[in-house]
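**Q** Residues per chain, in single letters:
Protein chains: 2
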Amino acid sequence: MFKNILIIGFGLIGSSIARGALKAKITNQILVYDKDKTVKNRLKKAKFKKVQYFSSVSEAIKNANFIVICTPVLQYEGIFKYLKNNNNITTIVTDVGSTKSNIVKLYNDSYKNDFKFVPSHPIAGTEKSGLEHGFAELFHDRYNIICPVGNKKNKSITIVKDFWRKLGMQVDIMSAKKHDKILGLTSHLPHLIAYSLVLTAMKKEKTMKSSIVKYSAGGFRDFTRITENNPNFWRDVFLVNQNIIHDFSKSFISEMKKLNLEMKQKKSSLLLSKLEKTRKVRKSIIKAKMAGKFIPND
Amino acid sequence: MFKNILIIGFGLIGSSIARGALKAKITNQILVYDKDKTVKNRLKKAKFKKVQYFSSVSEAIKNANFIVICTPVLQYEGIFKYLKNNNNITTIVTDVGSTKSNIVKLYNDSYKNDFKFVPSHPIAGTEKSGLEHGFAELFHDRYNIICPVGNKKNKSITIVKDFWRKLGMQVDIMSAKKHDKILGLTSHLPHLIAYSLVLTAMKKEKTMKSSIVKYSAGGFRDFTRITENNPNFWRDVFLVNQNIIHDFSKSFISEMKKLNLEMKQKKSSLLLSKLEKTRKVRKSIIKAKMAGKFIPND
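From first to last, the protein sequence lines are chains X and R. Numbering of the first sequence is given in this note's numbering, commencing with residue 1 and proceeding in unit increments. Numbering of the second sequence is given in this note's numbering, commencing with residue 1001 and proceeding in unit increments.
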């Protein structure tokens, strides 16, 4: 139980944490800072209860009991500076960023004596952005990866672990390096692919573009779903994790070229066995309850 | 109103047509042929009403009043031979195949005097296969593309158009060549990309593979959804439409390489503007009611 929780960056993820934390009674008071000034009015419109909005991040930090950073990852450095100058050394800070090596390095290099930091990454989301689309159950049955900045058994880690568990998550601990590699493949590469496909389609002439929209139910629409995400967020991920993404892109492109060649050479049974194999991966994802449900006619 | 409708190939699409046609009262009797002999018992288990199963395709064709081919596209030649030998010249045959130039050519070259054929393609589906997963509403508000084999204004086309409209579809008419190009981009390329990504992931070492499944909610699971489809169906599409798929693959790969380079060169504002642009495509798809709804925690 925290006296209050400060959420810096109040979008889909931040607002879902707020909803989840209030619902799970981890706190009775949410403090909000967001550099987007429209958030203040939108909080009112959305009838958010037990939420206090701050227009100054230093003011918000001064009053905070537990802090979660929910901004694009390249904004951390600015926030860390405020934390250094304003925060109580005992206050625990965590985050939800999709890259970890860069922020662990930043913290260890320059801020480790200024505040307690436990980097974490809840693997959950929808295609929507904005506080209006958040919901308390977003984290239920999903995984959270914690990447310790130092000793794996310190008390702060236990507190942050417990926080995510109360929001319904399962928590894993691993190095930032391992996290960035895994997420490079499960998230960053898929997003880059989706953006590339949509950009390819956008280059077509006008009549073809309108056909793409009309007949997108054939598969294309699935790719556009993940490109609906916050562009600032993804720009930062791509810039920060580019080495790993580049390596996986290479493997993926070579796989795709191979399939194209096999199609040309009419390697019918080889193609079939490859397509059959991929179903097994899908089955594991369904078994792990990560699949979600898609309703085509909604 | 047809006396009966024969569906050759009774999987997700075939069984959804059967359900939709009975519900819309287009017919009172569905005839079924499927080369998979388990279909007979599965029809009983699924408590399908007003359905007559045939173990011989010639027998089924002899009795048919209206025919819909719902098999993978490379099986059409065998079926066309049966239609030539058994069918009444006045019976109208349509299909649901995802490639059109090849079957229009096949028909025009060798079968145009044997039966009336109106090639069509309902752009609708889910990731599931099998008659157990079909539902009458699958086609509601989706588009169907008809690719006439000859004169665009003959009576058979009107009848087939009317058939799909009664199942809830909007019908467009275009050349087979145009169809194959558009579907190459809206469906075949996305599927090839999804298969390539899953195959790339499958090559990783065991620990990484299990991490991919656990953390698939970051985006990867969306790609596995479309790889759950019938492998025979997709093998045939890839073999038949490979030239067009190859061309689009090249554009897509070059787009992806460009993004990778821009990431490396830290072209921050260029990246951001590209990611922002793609949202517009998504918005058009939502506006066209093609998006569907994804429920992450189902």
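Keep in mind the hints are simulated off the structure, nothing from the lab. Heads up, the beta-carbon is just placed ideally off N, CA and C, and yes, glycines get one too. It is possible that some hints are incorrect.
Which residues of chain X face chain R? A partial, calculated answer using Cβ under 8 Å [to be verified]:
#1 Val57
#2 Ala124
#3 Lys128
#4 Leu192
#5 Ile193
#6 Tyr215
#7 Ile226
#8 Phe238
#9 Ile244
#10 Lys264
#11 Arg279
#12 Ile295
If you anchor each label on the Cβ, the simulated ranges turn out as follows [as the list claims (entries may be wrong)]:
#13 R:Ala1046 - X:Ser273: 52 to 58 Å
#14 R:Lys1081 - X:Asp141: 49 to 55 Å
#15 R:Lys1267 - X:Lys250: 18 to 24 Å
#16 R:Ile1295 - X:Leu261: 37 to 43 Å
#17 R:Met1208 - X:Lys62: 40 to 46 Å
#18 R:Gln1265 - X:Lys152: 35 to 41 Å
#19 X:Ser273 - R:Thr1038: 19 to 25 Å
#20 X:Arg165 - R:Leu1106: 36 to 42 Å
#21 R:Asn1243 - X:Ser175: 42 to 48 Å
#22 R:Lys1267 - X:Lys62: 34 to 40 Å
#23 R:Gln1052 - X:Lys250: 52 to 58 Å
#24 X:Lys250 - R:Ile1295: 43 to 49 Å
Far from chain R, by Cβ distances over 10 Å, these chain X residues were calculated [what the hints assert, rightly or not]:
#25 Gln52
#26 Asn86
#27 Asp114
#28 Val118
#29 Gly130
#30 Ser175
#31 Glu228
#32 Leu239
**Q** Does X:Ser175 really sit off the interface, with its C-beta more than 10 Å from all C-beta atoms of chain R?
**A** Holds: least Cβ distance 13 Å, greater than 10 Å.
**Q** Verify the interface restraint on X:Phe238: the C-beta must sit less than 8 Å from at least one C-beta of chain R.
**A** holds (5 Å)
**Q** Was X:Leu239 rightly flagged as not at the interface, with every chain R Cβ beyond 10 Å?
**A** violated (6 Å)
**Q** Let's test the interface hint: is any C-beta of chain R closer than 8 Å to that of X:Ile193?
**A** For X:Ile193, the interface hint holds, since the closest Cβ of chain R sits about 6 Å away, which is under 8 Å.
**Q** Quick check on X:Lys128 please, does its C-beta sit within 8 Å of some C-beta on chain R?
**A** violated (10 Å)
**Q** Against chain R, run the beta carbon of X:Ile226 and see if the smallest gap drops under 8 Å.
**A** With a minimum Cβ separation of about 5 Å from chain R (threshold 8 Å), the hint on X:Ile226 holds.
**Q** Could you check if X:Arg279 really has its C-beta closer than 8 Å to a C-beta on chain R?
**A** Since chain R brings a Cβ to about 6 Å from X:Arg279, closer than 8 Å, the hint holds.
**Q** Would X:Asn86 pass as off the interface with chain R, using Cβ distances and a cut of 10 Å?
**A** Correct as stated: the minimum Cβ-Cβ distance to chain R is 28 Å, above 10 Å.
**Q** I want to verify a distance hint. Is the separation of the beta carbons of X:Lys250 and R:Ile1295 within 43 to 49 Å?
**A** violated (34 Å)
**Q** If you take the shortest Cβ to Cβ gap from X:Ile295 to chain R, is it below 8 Å?
**A** Result: holds, 5 Å to nearest chain R Cβ.
**Q** Checking a non-interface call: every C-beta of chain R should be farther than 10 Å from the C-beta of X:Gly130. Is that right?
**A** holds (13 Å)
**Q** Does X:Ile244 hold up as a contact with chain R if the rule is Cβ-Cβ below 8 Å?
**A** It is violated, given that the least Cβ distance between X:Ile244 and chain R is near 11 Å, above 8 Å.
Hints 1, 3, 9, 13, 20, 24, 31, 32 from the earlier list are contradicted by this structure; the remaining hints agree with it.
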